[in-house]
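S.K.: So the chains spell out like this:
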Amino acid sequence: IAGITQAPTSQILAAGRRMTLRCTQDMRHNAMYWYRQDLGLGLRLIHYSNTAGTTGKGEVPDGYSVSRANTDDFPLTLASAVPSQTSVYFCASSAGDPGELFFGEGSRLTVL
Amino acid sequence: GQNIDQPTEMTATEGAIVQINCTYQTSGFNGLFWYQQHAGEAPTFLSYNVLDGLEEKGRFSSFLSRSKGYSYLLLKELQMKDSASYLCAVRDDNYKLSFGAGTTVTVRA
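Just so you know, the sequences run in chain order Y and F. Just so we're aligned: the first sequence equals residues 1 to 112 in the working numbering. Just so we're aligned: the second sequence equals residues 1001 to 1109 in the working numbering.
In case anyone wonders, no lab produced these hints; they're calculated from the structure. Any given hint might turn out to be false.
[Stated by the list, open to error] Think about it this way: if two alpha-carbon atoms lie no more than 20 Å apart in a straight line, the pair counts; the simulated EDC-like pairs of lysine to aspartate or glutamate are:
#, chain 1, residue 1, chain 2, residue 2
1, Y, K57, F, E1055
2, F, K1076, F, E1055
3, F, K1076, F, E1056
4, F, K1096, Y, E59
5, Y, K57, F, E1056
[Said to hold, decoys possible] Footprint (simulated), chain F over chain Y, 3 or more residues, beta carbon under 8 Å:
#, stretch
6, 43-57
7, 86-100
8, 104-111
All C-beta atoms in this analysis are idealised placements derived from N, C-alpha and C, irrespective of residue type, glycine included.
Please take these sequences and the hints and turn them into a complete structure.
M.R.: Next comes the structure, spelled out in structure tokens:
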């Protein structure tokens, strides 16, 4: 089934640990995104990539890094997790017109 | 940046009509999207407006007025399965999408 796969689905992490959330798409979309969703704040853009080899900062990039080595994969890394990074993380991709986002199922991260 | 406002919650009766308003203030505009998100699930695309006017898609319609910075999503013939959060999102000139906090719609029998 075509779409976006995120892993892990859920994770509990100790503060200070390093964590990478994985995201893979098989739709050959050029653009990919990472959002976090928190109650009352909606979806906020962390980082994005318009095409393989390029990345950009979104609204809330601090404490996060991304890479885009190829079209399909767009991992999100928390170098040293803090409790304020407890959230649900959604990876998304888009292509064409109108360029709507296709979302993965989300990764629920709890930092203690 | 973008400032996108929508009501937090709305309640309606099965079979009725509900209108969800969205106002935005943006540094650039390249389209407005509506997404539906059921609890515990990922958002899914509902509609897209880039020109002023009404876009109709089955029981759902979306309206845009660029001069007023205003959109609404109209849900007709409400069904229980329409209970969800509805997210208004604006795309800027750099093709980045910013979301409102979402409107939770509860449909009652």
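S.K.: Taking the hints in turn, state whether each one holds.
M.R.: Evaluated hints:
{"no.": "1", "hint": "K57(Y) <-> E1055(F)", "in the structure": "violated, 32 Å"}
{"no.": "2", "hint": "K1076(F) <-> E1055(F)", "in the structure": "holds, 14 Å"}
{"no.": "3", "hint": "K1076(F) <-> E1056(F)", "in the structure": "holds, 11 Å"}
{"no.": "4", "hint": "K1096(F) <-> E59(Y)", "in the structure": "holds, 10 Å"}
{"no.": "5", "hint": "K57(Y) <-> E1056(F)", "in the structure": "violated, 35 Å"}
{"no.": "6", "hint": "43-57", "in the structure": "holds (count 5)"}
{"no.": "7", "hint": "86-100", "in the structure": "holds (count 4)"}
{"no.": "8", "hint": "104-111", "in the structure": "holds (count 3)"}
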